[in-house]
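Undergrad: If you want the building blocks of each chain, they are given just below.
Number of protein chains: 4
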Amino acid sequence: MKLRLGMVGGGQGAFIGAVHRIAARIDDDYELVCGAFSSNAEKSKASGIALGIAADRAYGSYEELIEKEKQLPEDQRVQVISIVTPNHAHFGPTKMALENGFHVILDKPMTFSLEEAKELEKVVAASDKLFCLTHTYTGYPMVKEARQLVRTGKLGTIRKVYVEYPQGWLSSFLEGGDNKQASWRTDPGKSGIAGCMGDIGTHAFNLCEYITGLETTQICADLNIVVEGRKLDDDGSVLMKLNNGASVVLTASQIAIGEENNVKIRVYGDKAGLEWEQWDANTLKVKYADKPTEIWRTGAGYVSSFASHNTRTPGGHPEGYLEAFANLYHNFALTIKAGLEGKEASEEAQDFPGVKEGLRGMAFIENVIASGKSDVKWTKFTV
Amino acid sequence: MKLRLGMVGGGQGAFIGAVHRIAARIDDDYELVCGAFSSNAEKSKASGIALGIAADRAYGSYEELIEKEKQLPEDQRVQVISIVTPNHAHFGPTKMALENGFHVILDKPMTFSLEEAKELEKVVAASDKLFCLTHTYTGYPMVKEARQLVRTGKLGTIRKVYVEYPQGWLSSFLEGGDNKQASWRTDPGKSGIAGCMGDIGTHAFNLCEYITGLETTQICADLNIVVEGRKLDDDGSVLMKLNNGASVVLTASQIAIGEENNVKIRVYGDKAGLEWEQWDANTLKVKYADKPTEIWRTGAGYVSSFASHNTRTPGGHPEGYLEAFANLYHNFALTIKAGLEGKEASEEAQDFPGVKEGLRGMAFIENVIASGKSDVKWTKFTV
Amino acid sequence: MKLRLGMVGGGQGAFIGAVHRIAARIDDDYELVCGAFSSNAEKSKASGIALGIAADRAYGSYEELIEKEKQLPEDQRVQVISIVTPNHAHFGPTKMALENGFHVILDKPMTFSLEEAKELEKVVAASDKLFCLTHTYTGYPMVKEARQLVRTGKLGTIRKVYVEYPQGWLSSFLEGGDNKQASWRTDPGKSGIAGCMGDIGTHAFNLCEYITGLETTQICADLNIVVEGRKLDDDGSVLMKLNNGASVVLTASQIAIGEENNVKIRVYGDKAGLEWEQWDANTLKVKYADKPTEIWRTGAGYVSSFASHNTRTPGGHPEGYLEAFANLYHNFALTIKAGLEGKEASEEAQDFPGVKEGLRGMAFIENVIASGKSDVKWTKFTV
Amino acid sequence: MKLRLGMVGGGQGAFIGAVHRIAARIDDDYELVCGAFSSNAEKSKASGIALGIAADRAYGSYEELIEKEKQLPEDQRVQVISIVTPNHAHFGPTKMALENGFHVILDKPMTFSLEEAKELEKVVAASDKLFCLTHTYTGYPMVKEARQLVRTGKLGTIRKVYVEYPQGWLSSFLEGGDNKQASWRTDPGKSGIAGCMGDIGTHAFNLCEYITGLETTQICADLNIVVEGRKLDDDGSVLMKLNNGASVVLTASQIAIGEENNVKIRVYGDKAGLEWEQWDANTLKVKYADKPTEIWRTGAGYVSSFASHNTRTPGGHPEGYLEAFANLYHNFALTIKAGLEGKEASEEAQDFPGVKEGLRGMAFIENVIASGKSDVKWTKFTV
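Chains as they are written, first to last, in UniProt numbering: chain A, 1 to 383; chain B, 1 to 383; chain C, 1 to 383; chain D, 1 to 383.
Bound conformation, chain A alone (with noise of 0.2 Å):
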């Protein structure tokens, strides 16, 4: 049985909504029946067409997708809606998608401004619908076995993070041109207060937090604009304390010019350290005192359930980007199929970014832009 998918967002020339479809179709949990693929009913119907989806079920806006599939009958109507438009239009279709009892997955960050965050918060708690954050990075195999190793203390009491997410593409005014994607995410209009922090440091903070369990409560961050002209940040660094006193190095940065999305992390206990990055995704390096480093690989016979549930293939078989996607998708639908057949998913399917990782990824940015503009050098993390 598939879960009838709908999509706010992600027409023609989209990036994230390809992306979201492609994860979507990876496992076969899901089928495309219905979308708002653009605020232009026009567009909306051509992307609809295109992507084999019945042509009145290609909507004008995503309060008519809700309000008429609300009046299909049960067994035809959307279940989960994916909603992958830009951040100043998270909040309204999540909210009403779940109070009108769909399920939502929903692109990061997660809204627009801290305050919404926390709004969709009680909305989240209200509904008896789920809801999944695509945090890809949690997604990886070996970011989870990351987890699992600080879990169940390989790694002793943590003591030092590095993360980082270089890239270089925005190391122009590429938003002088007529580059999409570089227009909306450096327009404070519908990215936010943040660019470069909320683009792609939500990523790093949230991997930061998700492998080691911890939370942060101290950030002191600088934050630049490089490029002349440019209107929100492309360029950042954040140090940060974690609850137990850790010390943490975040840098994220899109004028590093030549560099992709090598999002990398380090994590550093008393007993042992592990490094990962998206480039070798496959790889989880572990490194002792005194014994040699390890190279854990996904599809091995001696990773934990969390890394092997989030693989297909044998070992040296490489999964990727969308594979890390496409568990977001999986898990999701592994847990409210489970909650259709009224039993509890497994720990490793209930494994995906929610609400809670939102909320806290929106207090990051707010947090960091405040940090950024203060004199003094710690400001205590508020969410």
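Read the hints as simulated data drawn from the structure, not as lab findings.
Being a predicted model, the structure only gives us computed values, none of them experimental.
Warning: the hint list may mix true and false statements.
Within a straight-line C-alpha distance of at most 20 Å, the following computed DMTMM-like cross-link-like pairs (lysine to aspartate or glutamate) qualify [unchecked claim]: (1) K264/B - D280/D; (2) K356/A - E99/A; (3) K2/C - D27/D; (4) K285/A - D270/C; (5) K271/B - E294/C; (6) K285/C - D290/A; (7) K2/A - D27/B; (8) K285/C - D280/A; (9) K2/D - D56/C; (10) K285/C - D280/D; (11) K180/B - D290/D; (12) K241/C - D28/A; (13) K291/A - E275/D; (14) K118/D - E366/D; (15) K154/B - E275/C; (16) K285/D - D280/A; (17) K70/C - D56/C; (18) K264/C - D280/C; (19) K2/C - E31/D; (20) K291/D - D280/A; (21) K373/D - D375/B; (22) K271/A - E228/C; (23) K380/B - D375/D; (24) K285/D - D280/C; (25) K154/B - D27/C; (26) K264/B - E277/D; (27) K2/B - D290/A; (28) K291/B - E275/C; (29) K154/A - E294/D; (30) K154/D - D28/A; (31) K231/C - D280/A; (32) K285/D - E277/B.
Distance ranges between label pairs, derived from CB positions [to be verified]: (33) T382/A - K271/C: 36 to 46 Å; (34) E119/D - K43/C: 45 to 55 Å; (35) K271/D - K180/C: 38 to 48 Å; (36) Q350/B - G13/D: 53 to 63 Å; (37) E277/A - Y302/C: 20 to 30 Å; (38) G156/C - T382/A: 38 to 48 Å; (39) S374/C - T382/A: 15 to 25 Å; (40) E347/B - K271/D: 48 to 58 Å.
C-beta atoms are modelled at their ideal positions from N, C-alpha and C, and glycine is treated no differently.
Place chains B, C and D on chain A using the hints.
TA: Quick look at chains B, C and D alone, frame taken from chain A:
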């Protein structure tokens, strides 16, 4: 419009069948409508239901599948049949499918014997349907880029090729237990006359001829059965000559303990060289006599249309084995669809392996086994 | 003609003294003729004998060394004195040696305090003898190449620097045992006010200013004592601003368990970026917005005179840490010898670290410690 | 006490002579006292003076060197003679030196022909002096560690070896110009019957037998002259069998354009495998069937005495080619000095290549050339 897909083999527990289905889904070109997933009708039905296809379209044999599907109205009938059985069960369903008007996607090696391969070549030639052989590695964008660099003269005259395929999974007598993969792959009755050379040596061979655009003319093989009790070669090395005089060293092993699946190729011309390996599949290294080695990457703006056509995401978002497999399915679908519309597919779309590659692969197997037994150093490569 | 070399410190069991002696030998520019290897006259003599120098030239103190050597005929007298004692014993012998007519090679950090550093700057200025500070990493050919790429404009305007120096050897309370290295390096009475920042942070700082040719203007430091009972920082992160507005993230740690000594720097300009790390010291990666990353290599024909001058072997014969160290000794010797001949040494030869680098390194230590204690985010970097 | 060293060959402009001298200096075991640096007496003198040796000990021929040095008092006379001439000039000085009471260090390959090698074996056997052949790669600490892993049974029974030595520097007809290295190395009158196989194939062969502790019994060679006009093989591949039945693929090329000097070996047993390559010489990868691959590193506490004895610096300070070379010189010196003191050197010190390795290397050359010409696949490896 999706193509209606059927599958022969690939029931529960099979590895490669699941891979084919993911590959078929990734780019949304196909809809799985029927299958003969097992020679046991019960099991086939169970697999079919689990896969969400109509109960009456899960057949107990490929013959039944083809007969029944032919009787369906044209707009419901399966259009493309994927055959993912062990080698000894390739020829029968492929021939029957083609002769009854269905396009075929077949797992490699093409047949059980060269004789069958020659007959299949005729069947394909006589049919107006299309045939695709899933030599996965040629679906990788950077393998296609490598071929383009050779085709466009960037490497100059090809002089030397090293191609290797090291695996370690058959380091012990796994077929003595209940490992299904190990059992059929080491069984002459199911695999044919070659073990390692048929299973992975053919991939290395195909990669070499695909990238260089050259054909093998002579070979000298050293084949080994390393693990006691095994019936087929589990390790081998082949010296080869190409039709321009270049020399090749091809190695494949299933007893290289600790190795996963890291197929790798290096090609050297008189102007430049290149290196690609599956571990880091999104990278192609290009080497020069007097300039720095270059790291070419998928998703970059400077790669050819053959690489970019076969990539879904921007640089730095790794795509892997499943996407490479999906590229075969996608290109095959594009070519079929172009035909349905009376158009010719693009050169990029038509670039998928077919009967010629399958025939040469089977010739490789026969020649390599013969050479392995021969006391003469060089054997002429014959088809 | 070899320069006559003396050594202060570096007796049996010392690490860095042996390194200095190998460095001095590699290019055959020096002959070790005397030393005050230990403050214990017996031990000094024993070390001297083991090193093959005349028994009467193994002195019990640096004062004795300088006094006695001065009385030797000019053609026998020591010419260059290497000082390899712990930090608190740098200033005295360096000052006395320079004031008595000897060239000095001094291990870093230059002095025990910034105050001493300022006084030493005056001593060097007043002396006609030369002074070299062994910031080893700037002796690597690919570090010099990196600096050349910046100097010649290949990177454009520098925007961002990441420099890191992770070590794990002080992850536990080693100074509680009999580890001599751990003991003095964590002892404020011997190391000075900084631990990790003085020992390796200064290297990272020097590397950043050396390659970029820019000067630090502001800093914001987070220093930590992670291991209980330790007296000096064993971990720290420093945000910095350079005098062209570029921002820097400098991290150094001695509790990054499992890490060896992999100092690494990445520099991004508006035209290109670069990356170098000690693990793969013979490689420099150069990165572009729209071209493949390039792997520049020592020994290649395309590198600048600054790299080739500091390499002994053709490409592919790795040179390492000892050769980088030897480059400092060799360049210092070339410069001294040129002076003896009334000539000016080449620009390549004169490129070794001196009192300016030492002074800035000590200022880094004082500034970083002050910033670490401050509640204000940005502290002006003062010398 | 330093050993007095003389050198035959290695005058100005020579590559390997300078490498030998650095190697001799690094550990301070030798003092260069005399040489016959060139067959031109003037040039020899000029080289000698530049190297700082007494003018009357720079001789015009090796015969003169040996004759004159013999007449010097025993405590001034040269003790060890390094012979760094092209291959055709190895045998004469080596024989004469040994027969006249001098220890000899000789560059590889040992002689011009197998016949000479056999005679030299007798000379060495009859002499009470020691003989060292500079197969540099066995001087690397991680190559020694690899051998220890095999010796101590960690790999189990050896089954497969891949050893490769790719270079690209002879991709064009360099010997047509004034490249001195290219000229003699491609000249049958100076190099002997083999080009690439003698120059670097022998290194690969030695590495294989050294690490595995096994001997080659059969070979099958494919040798090529790729560059037009060249007189000796510049590329070749050799299939081999070892005396326990294991199979080997040995490749060496000088036309692998863009490759530097990255000799690499992989050895697989029935329990574990290993991988080492010169590019990352301080690393040894150890691979298992069911555990993560391990990254063993020089300078680590867990390596054997054979690795630690041959390393000067703590982990993370890369040592390279020159230090590997120095290890040969140092171990030879330790063994000579032990003998002078009537003691036996440690097993670690005695582990340097000698006449047996030289003889087998020359046998490799003769066998490989014969096999290259033969139509029979397998040739018995004879000495």
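Undergrad: Each hint should be assessed against the structure and marked as holding or not.
TA: Quick rundown of the hints versus the structure:
As the CA atoms of K264/B and D280/D are separated by approximately 19 Å, the hinted pair is consistent with the 20 Å bound. Of the supplied pair hints, the one linking K356/A and E99/A holds, its CA atoms being roughly 18 Å apart against a limit of 20 Å. At most 20 Å may separate the alpha-carbon atoms for a hinted pair to count; K2/C and D27/D meet this at roughly 18 Å. Restraint check for K285/A and D270/C: not satisfied, since their Cα atoms lie roughly 33 Å apart, outside the 20 Å limit.
Proposed proximity of K271/B and E294/C is supported: the alpha carbons are some 17 Å apart, at most 20 Å. Of the supplied pair hints, the one linking K285/C and D290/A is violated, its CA atoms being roughly 31 Å apart against a limit of 20 Å. Taking the CA atoms of K2/A and D27/B, the gap is about 18 Å. The hint holds against a cut of 20 Å. For the proposed pair K285/C and D280/A, the alpha carbon gap of about 18 Å is at most 20 Å, so the pair holds.
For the proposed pair K2/D and D56/C, the alpha carbon gap of about 19 Å is at most 20 Å, so the pair holds. Using a Cα cut-off of 20 Å, the hinted pair K285/C and D280/D holds, with the two alpha carbons roughly 16 Å apart. For a cut-off of 20 Å, the pair hint linking K180/B to D290/D stands: about 19 Å separates their Cα positions. Restraint check for K241/C and D28/A: not satisfied, since their Cα atoms lie roughly 51 Å apart, outside the 20 Å limit.
A distance of roughly 18 Å separates the Cα atoms of K291/A and E275/D; the hinted pair therefore holds under the 20 Å criterion. For the proposed pair K118/D and E366/D, the alpha carbon gap of about 12 Å is at most 20 Å, so the pair holds. Taking the CA atoms of K154/B and E275/C, the gap is near 27 Å; set against the 20 Å cutoff, the hint is violated. For the hint linking K285/D to D280/A, the alpha-carbon distance of about 17 Å falls within 20 Å, and the restraint holds.
With a C-alpha separation of about 14 Å, the suggested pairing of K70/C with D56/C holds against the 20 Å cut-off. Taking the CA atoms of K264/C and D280/C, the gap is about 10 Å. The hint holds against a cut of 20 Å. Restraint check: the Cα-Cα separation between K2/C and E31/D comes to about 13 Å, which is no more than 20 Å; the hinted pair holds. Our distance criterion of 20 Å between C-alpha atoms is met by K291/D and D280/A, whose separation comes to about 19 Å.
For the proposed pair K373/D and D375/B, the alpha carbon gap of about 15 Å is at most 20 Å, so the pair holds. Between K271/A and E228/C, the direct Cα distance comes to roughly 15 Å. Compliance with the 20 Å bound is thereby established for this hinted pair. Of the supplied pair hints, the one linking K380/B and D375/D holds, its CA atoms being roughly 13 Å apart against a limit of 20 Å. For the hint linking K285/D to D280/C, the alpha-carbon distance of about 16 Å falls within 20 Å, and the restraint holds.
The straight-line distance between the Cα atoms of K154/B and D27/C is roughly 41 Å, outside the 20 Å bound, and the hint therefore fails. A hinted pair counts as satisfied when its Cα atoms are at most 20 Å apart, and K264/B with E277/D qualifies at roughly 16 Å. Taking the CA atoms of K2/B and D290/A, the gap is about 57 Å. The hint is violated against a cut of 20 Å. Distance restraint check for K291/B and E275/C: the Cα-Cα separation of roughly 18 Å lies within the 20 Å cut-off, and the hinted pair is therefore satisfied.
Restraint check for K154/A and E294/D: the C-alpha separation of about 17 Å stays at or below 20 Å, so the hint holds. For the hint linking K154/D to D28/A, the alpha-carbon distance of about 45 Å lies beyond 20 Å, and the restraint is violated. Of the supplied pair hints, the one linking K231/C and D280/A is violated, its CA atoms being roughly 39 Å apart against a limit of 20 Å. A C-alpha spacing of about 18 Å is found between K285/D and E277/B, which places the hinted pair at or below 20 Å, so the restraint holds.
Under the hint 36 to 46 Å, the C-beta atoms of T382/A and K271/C, about 41 Å apart, fit the expected range. Separated by about 52 Å at the C-beta atoms, E119/D and K43/C satisfy the suggested range of 45 to 55 Å. A hinted range of 38 to 48 Å for the beta carbons of K271/D and K180/C is consistent with their spacing of about 39 Å. For Q350/B and G13/D, the Cβ-Cβ distance of about 57 Å falls inside the hinted range of 53 to 63 Å, so the restraint holds.
Roughly 29 Å separates the CB atoms of E277/A and Y302/C, a value that falls within the hinted 20 to 30 Å. Between G156/C and T382/A the beta carbon distance is about 40 Å. The supplied range of 38 to 48 Å therefore holds. At roughly 23 Å, the beta carbons of S374/C and T382/A sit within the given window of 15 to 25 Å. At about 49 Å, the beta-carbon gap between E347/B and K271/D stays in the expected band of 48 to 58 Å.
In this structure, the hints that do not hold are numbers 4, 6, 12, 15, 25, 27, 30 and 31, in rising order.
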